[in-house]
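Chemist: Can you make the complete structure from the sequences, with help from the hints?
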Amino acid sequence: EELQRLGEGRRRAAAGLLAFLPGWLALAVQVALALLPLVALLMLYLLRRRRPRQRRAGDEERVSLFSLEGVAADLRALLAGLGRRGEESGLRAALARLRGADPVSRVRRSYIRLLLAGEARERPRAPHQTPREYEPEAAEALPAAREPIAALTAAYERARYHPEATGAADADAAEWAWRAIERGH
Numbered sequence: 121e122e123l124q125r126l127g128e129g130r131r132r133a134a135a136g137l138l139a140f141l142p143g144w145l146a147l148a149v150q151v152a153l154a155l156l157p158l159v160a161l162l163m164l165y166l167l168r169r170r171r172p173r174q175r176r177a178g179d180e181e182r183v184s185l186f187s188l189e190g191v192a193a194d195l196r197a198l199l200a201g202l203g204r205r206g207e208e209s210g211l212r213a214a215l216a217r218l219r220g221a222d223p224v225s226r227v228r229r230s231y232i233r234l235l236l237a238g239e240a241r242e243r244p245r246a247p248h249q250t251p252r253e254y255e256p257e258a259a260e261a262l263p264a265a266r267e268p269i270a271a272l273t274a275a276y277e278r279a280r281y282h283p284e285a286t287g288a289a290d291a292d293a294a295e296w297a298w299r300a301i302e303r304g305h
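In our numbering, the protein residues as written are 121 to 305.
A hint or two may mislead.
[Said to hold, decoys possible] Just the calculated beta-carbon pair ranges, DEER-fashion:
| # | residue 1 | residue 2 | range |
| --- | --- | --- | --- |
| 1 | Arg169 | Trp144 | 33 to 39 Å |
| 2 | Asp194 | Asp292 | 43 to 49 Å |
| 3 | Glu267 | Gly287 | 20 to 26 Å |
| 4 | Glu284 | Glu189 | 31 to 37 Å |
| 5 | Leu199 | Leu167 | 36 to 42 Å |
| 6 | Arg252 | Ala213 | 20 to 26 Å |
| 7 | Arg303 | Tyr281 | 27 to 33 Å |
| 8 | Glu189 | Leu145 | 47 to 53 Å |
| 9 | Leu199 | Arg252 | 35 to 41 Å |
| 10 | Pro283 | Tyr165 | 42 to 48 Å |
| 11 | Arg169 | Ala148 | 27 to 33 Å |
| 12 | Arg241 | Gly287 | 29 to 35 Å |
| 13 | Arg252 | Ala216 | 22 to 28 Å |
| 14 | Leu153 | Leu199 | 54 to 60 Å |
By construction, these hints were calculated from the structure, which means they are not laboratory data. C-beta atoms are modelled at their ideal positions from N, C-alpha and C, and glycine is treated no differently.
Modeler: The following block contains the structure:
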């Protein structure tokens, strides 16, 4: 009963505020106020649709484990992995895949040969090591080739981290360094 009296009191107060307006204008104000929440929701929806969607990085975690997009991506990865079952992995496979005559490929081939030589002497490069961090270990494994190892490492860093700045002179220097390393061991 009290709630009914409160509701009735509010309606009278609202009617009193609109009483000085003509009837049609008071009705228009009431309709506009009633539609205001719907208009606000519609505006938010339209703004959301206009905003460009951000691309997700391939390595980011998904929030939902049960999205159709995620299931489809997982199935594609699974099927792609099944197709590559017989392929080799590792340094020898990477060396076999690098067939280009461009300077970056030439430098990378020489550096992979250095890594293979390190593995042959039981000094493989750890996954967390940078080329600069591996250089002293490679020099320990091949002590007669310290300077060529440093030159090859510098050329590889340029080719790996600044491929656009790698030229034929860098590739020639890397190949010279590898030949000197080969002669030294």
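Chemist: If a hint holds in the structure, say so; if it does not, say that too.
Modeler: These are the hints, each one checked on the structure:
One distance hint, 33 to 39 Å for the beta-carbon pair arginine 169 and tryptophan 144, holds here, with the actual separation near 35 Å. For aspartate 194 paired with aspartate 292, a C-beta distance near 45 Å keeps the hint of 43 to 49 Å intact. Take glutamate 267 and glycine 287: their Cβ atoms lie about 21 Å apart, and the range 20 to 26 Å holds. Evaluation of the 31 to 37 Å hint for glutamate 284 and glutamate 189 yields a pass: the beta carbon distance comes to about 34 Å.
Between leucine 199 and leucine 167 the CB atoms are about 39 Å apart, so this pair conforms to the stated range of 36 to 42 Å. A hinted range of 20 to 26 Å holds for the C-beta pair arginine 252 and alanine 213, which are about 25 Å apart. Range check, arginine 303 to tyrosine 281: Cβ separation about 28 Å, and the 27 to 33 Å hint holds. Our hint of 47 to 53 Å for glutamate 189 and leucine 145 holds, since their Cβ atoms are close to 51 Å apart.
Range check, leucine 199 to arginine 252: Cβ separation about 39 Å, and the 35 to 41 Å hint holds. Separation of proline 283 from tyrosine 165 is about 45 Å and conforms to the stated range, judged on CB atoms against 42 to 48 Å. For arginine 169 and alanine 148, the hinted distance range of 27 to 33 Å is satisfied, since their beta carbons lie about 29 Å from each other. Under the hint 29 to 35 Å, the C-beta atoms of arginine 241 and glycine 287, about 31 Å apart, fit the expected range.
At roughly 26 Å, the beta-carbon separation of arginine 252 and alanine 216 lies within the given 22 to 28 Å, and the hint holds. The hinted window of 54 to 60 Å between leucine 153 and leucine 199 holds, with their beta carbons roughly 57 Å apart.
Of the numbered hints stated above, none is contradicted by the structure.
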